[in-house]
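*Asks:* What follows is the residue order along each chain.
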Amino acid sequence: QSALTQPASVSGSPGQSITISCTGTSSDIGSSNFVSWYQQHPGKVPKLIIYEVIQRASGVFDRFSGSKSGTTASLTISGLQAEDEADYYCCLSGGTRILFGGGTKLTVL
Amino acid sequence: QMQLQESGPGLVNPSETLSLTCTVSGGPIATYYWAWIRQPPGKGLEWIGYIHDSGTTRFNPSLQGRVALSMSSSKSQIFLRLRSVTAADTAIYHCARFPYADWLDPWGQGIQVTVPS
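Taken in order, these protein sequences are the chains called X and U.
Here the first sequence is numbered in this note's numbering, starting from 161 and rising by one per residue.
Here the second sequence is numbered in this note's numbering, starting from 96 and rising by one per residue.
Just so you know, these hints were derived from the structure itself, not from any lab.
Keep in mind it's a predicted model, so treat the numbers as computed, not measured.
Some clues are possibly wrong.
As the list claims (entries may be wrong) - Simulated restraints, written as ranges between beta carbons of each label pair:
#1 X/Gly219 with U/Pro211: 38 to 44 Å
#2 U/Lys170 with X/Ser177: 42 to 48 Å
#3 U/Gly139 with X/Thr179: 16 to 22 Å
Cβ atoms here follow ideal geometry from the backbone N, Cα and C, with glycine treated the same way.
Construct the complete structure from the given sequences, taking the supplied hints into account.
*Replies:* See below:
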C-alpha cells in the first residue's frame with residue numbers, strides 16, 4: 161500500500177477539467193514542497209509535468225497545473241484532450257526517500 | 096540534451112544478483128543525484144534508491160539489505176545491484192536524474208528484467 165493515496169481512476173470529456181488528488185500526511189506532503197507529478201502513456205517512459213508543487217516542467221502546456229492544500233497535493237488538467245489519456249503519478253521527495261502514489265488512470269471519454 | 100540508457104541482462108535466475116548499468120550522455124553526472132525506479136508489470140512506480148558522487152546513498156526500506164548503488168563519474172555510469180532476486184523483482188527498471196534531490200528528469204527508456212518463478 162502506497163503512502164501517498166491517489167484515486168485509481170478519473171474520467172472527463174474533451175474540453176472539461178479534471179483534478180487528481182494525492183493525499184499524504186502532515187509529516188510528508190503537509191510539510192514538503194518537493195511534490196512532483198509524472199504522466200505515463202501506455203508502454204512509454206514517465207514524463208515529468210509538475211515539480212515543486214506548482215512549477216510546470218519545460219515544454220508542458222499550461223493546461224496542466226499543480227497545487228497543494230494541507231496534506232493533499234493536486235494535479236488539474238483543464239481543456240482535456242484525447243492525448244491526455246494516460247496514467248498519472250504523484251511523487252514526494254526530499255529528506256531521505258522518494259515516495260510515489262499508486263497512480264491514477266485518466267480516461268478521456 | 097542529456098540522455099540515459101539502461102543496460103544489463105533481461106533474465107536473472109532466482110536467488111542470483113541483478114546487475115544493471117545506467118549510461119549517461121550529454122552532460123556530467125558528478126553534480127547531481129541519480130535514482131533507480133522500477134515498475135512491475137501492470138503496476139505502479141516503486142523507488143529503489145538514489146546516489147550522489149559524494150557517496151550519499153539512500154534506499155527504499157523494503158529493499159534495504161539487498162540493494163547497492165555505485166557510480167563512475169569518469170565513465171558517466173551508475174550501477175545497480177540487487178541480490179537474492181525473486182519473481183517479485185520482475186519489472187521494468189529505469190534510471191533517472193534526480194537533480195538537487197527534487198524531481199526526476201530525464202528518465203532512461205527502461206530495461207525489462209524477468210526473474211522466472
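*Asks:* Against each hint, give a clear statement of whether it holds in the structure.
*Replies:* Okay, the hints, checked on the actual structure:
Roughly 40 Å separates the CB atoms of X/Gly219 and U/Pro211, a value that falls within the hinted 38 to 44 Å. For the hinted restraint 42 to 48 Å between U/Lys170 and X/Ser177, the CB-CB distance of approximately 47 Å keeps it satisfied. Checking the proposed 16 to 22 Å range against U/Gly139 and X/Thr179 shows it holds: the Cβ atoms sit about 19 Å from each other.
No hint from the list above goes unmet by this structure.
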